[in-house]
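Enquirer: Using numbering that gives the first Met the number 0, the first residue of the sequence shown is number 0, and each one after it goes up by one.
Hint data in this document are derived by calculation from the structure and do not stem from the laboratory. Where hints are given, some of them may not hold.
Straight-line Cα separation of at most 25 Å, DSS-like style, residue types lysine-lysine; simulated pairs [as the list claims (entries may be wrong)]: (1) Lys120 - Lys158; (2) Lys64 - Lys48; (3) Lys263 - Lys158; (4) Lys48 - Lys120; (5) Lys48 - Lys170; (6) Lys258 - Lys217; (7) Lys263 - Lys217; (8) Lys64 - Lys120; (9) Lys140 - Lys120; (10) Lys64 - Lys170; (11) Lys140 - Lys158; (12) Lys140 - Lys263.
Using C-beta positions, here's what the derived DEER-type ranges look like [said to hold, decoys possible]: (13) Glu71 - Arg151: 34 to 44 Å; (14) Ala236 - Asp209: 17 to 27 Å; (15) Lys48 - Gly246: 23 to 33 Å.
Built from N, CA and C at the ideal position, the CB exists for glycine as well.
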Amino acid sequence: MAELNEEHASHRMGMHTEQLAGRTQQVFFDAEEGDNLVYPNAPDVDFNKRAEFDAADLDTPAINKQIRELMESGHGTIVVHNPGAKHSLGVGILNRLQLYFEGSLGYFGCGLIDGPNIRVKGRVGWSCAENMMAGTVVIEKNAGSTFGAAIRGGDLVCKGDVGSRTGIDQKGGTIIVGGRTGAFSGFMMQRGRMVVCGDAGDNLGDSMYDGTIFVGGKIASLGVDAVEAELTDLDVAWLERKLGLYGVEPANGVRNMTKIVAGKQLWNYDNLEPAEKKLVL
Numbered sequence: 000m001a002e003l004n005e006e007h008a009s010h011r012m013g014m015h016t017e018q019l020a021g022r023t024q025q026v027f028f029d030a031e032e033g034d035n036l037v038y039p040n041a042p043d044v045d046f047n048k049r050a051e052f053d054a055a056d057l058d059t060p061a062i063n064k065q066i067r068e069l070m071e072s073g074h075g076t077i078v079v080h081n082p083g084a085k086h087s088l089g090v091g092i093l094n095r096l097q098l099y100f101e102g103s104l105g106y107f108g109c110g111l112i113d114g115p116n117i118r119v120k121g122r123v124g125w126s127c128a129e130n131m132m133a134g135t136v137v138i139e140k141n142a143g144s145t146f147g148a149a150i151r152g153g154d155l156v157c158k159g160d161v162g163s164r165t166g167i168d169q170k171g172g173t174i175i176v177g178g179r180t181g182a183f184s185g186f187m188m189q190r191g192r193m194v195v196c197g198d199a200g201d202n203l204g205d206s207m208y209d210g211t212i213f214v215g216g217k218i219a220s221l222g223v224d225a226v227e228a229e230l231t232d233l234d235v236a237w238l239e240r241k242l243g244l245y246g247v248e249p250a251n252g253v254r255n256m257t258k259i260v261a262g263k264q265l266w267n268y269d270n271l272e273p274a275e276k277k278l279v280l
C-alpha cells in the first residue's frame, strides 16, 4: 500500500491539526429519569401543590404565562376558572401537570403538548390537541373539526360529538369519541387507534395508510382504501380496558363494533397502471 504523502497541501495548510468545535449535541431528555423521561428544563412539580386562578379578565398570553409561572413555582395541579372559550390555551406544555379548565376553550386548545393530563369541563373548538405527543386530554362535552390533527401519542378523549376530519394525519396515540364523528375522520391516518362509540360520517378512513378505527354505530361510507377487518379477542380486551378508563362505551357493546383498517392498495399507487389507479379510486 502506498505511503500517505505527508507533504500534501492539506498538511501545509494546517487542516490536520485544526481543532473543530462544531455544534454541541442538544440534550432533549434527562437520562437519569430512566423510563420517565422529561425535558431537562422541565420544572419539578408536586401534584399535591394546587393553585387556582380566574381567567375571565385575562387574554390568552396572560393565561398561558400564568400557567407556566405556577409550574415553575412547583404547582403540579392547576385549575383555570372562566377560560371564556379563548383560543390557544394550554399549548406547548412539555411537562408533567394536572391541568383543569372549568369552562370551554376556543380553537387550537391544548396543542403541541408532551406530558400533561388536561381535563376540559366544557367544549372545545377546532384542532384541539393538534400535534399532541404524550399525556391525556379529556373533553367533557363536544369538540369541533380536526380533533386531534396529527396526534402522535397519548390519549385524546371527547365524551360528546366531534366535527369532521377527526384524527386527520394521525401518526400515533389513541383518539376516543364518546358520540358521533363527522366526515373524513381518519383521513390519511398513518398509525394509532381511533375509537368512535357512535356513528361515523362519510368517507371514514379515506386514504389511510395504516392504523385502526373502531366504530360502534353506523358508518355513512368508507373512504378510498378503507376496508372492514375481523374484530379479534385482543381488540375486544383492549377496547374494554381503554374505554373503561374514561367511562365511555358504545351503545351495543364493544363486541359489536366495526373494525376498519387500510386495504393497502395505495401503498404502491405510483407503480399502478392508469386503469388500476381508476379501480382503486
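Enquirer: Give a verdict on every hint.
Expert: Status of the hints after comparison with the structure:
1. For the given pair, Lys120 sits about 11 Å from Lys158 by alpha-carbon distance, which is consistent with the 25 Å threshold.
2. Restraint check: the Cα-Cα separation between Lys64 and Lys48 comes to about 18 Å, which is no more than 25 Å; the hinted pair holds.
3. Distance hint between Lys263 and Lys158 is unfulfilled; the C-alpha atoms sit about 31 Å from each other, more than 25 Å.
4. Note on Lys48 and Lys120: the hinted pairing holds, with a Cα-Cα distance of about 21 Å set against a maximum of 25 Å.
5. For the proposed pair Lys48 and Lys170, the alpha carbon gap of about 34 Å is over 25 Å, so the pair is violated.
6. A C-alpha spacing of about 12 Å is found between Lys258 and Lys217, which places the hinted pair at or below 25 Å, so the restraint holds.
7. The straight-line distance between the Cα atoms of Lys263 and Lys217 is roughly 23 Å, inside the 25 Å bound, and the hint therefore holds.
8. With a C-alpha separation of about 21 Å, the suggested pairing of Lys64 with Lys120 holds against the 25 Å cut-off.
9. Under the criterion of a C-alpha separation no larger than 25 Å, the hint pairing Lys140 with Lys120 is consistent with the structure, at around 7 Å.
10. In summary, the hint linking Lys64 to Lys170 is not supported, as the alpha carbons are separated by about 29 Å, beyond the 25 Å threshold.
11. Using a Cα cut-off of 25 Å, the hinted pair Lys140 and Lys158 holds, with the two alpha carbons roughly 6 Å apart.
12. The suggested pairing of Lys140 with Lys263 is violated, with an alpha-carbon distance near 35 Å, which exceeds 25 Å.
13. The supplied range of 34 to 44 Å is broken by Glu71 and Arg151, whose beta-carbon atoms lie about 26 Å from each other.
14. The hinted window of 17 to 27 Å between Ala236 and Asp209 holds, with their beta carbons roughly 21 Å apart.
15. Against the hinted window of 23 to 33 Å, the Cβ-Cβ separation of Lys48 and Gly246 comes to about 27 Å, which satisfies the hint.
In the structure shown, a violation is registered for the earlier hints numbered 3, 5, 10, 12 and 13, in ascending order.
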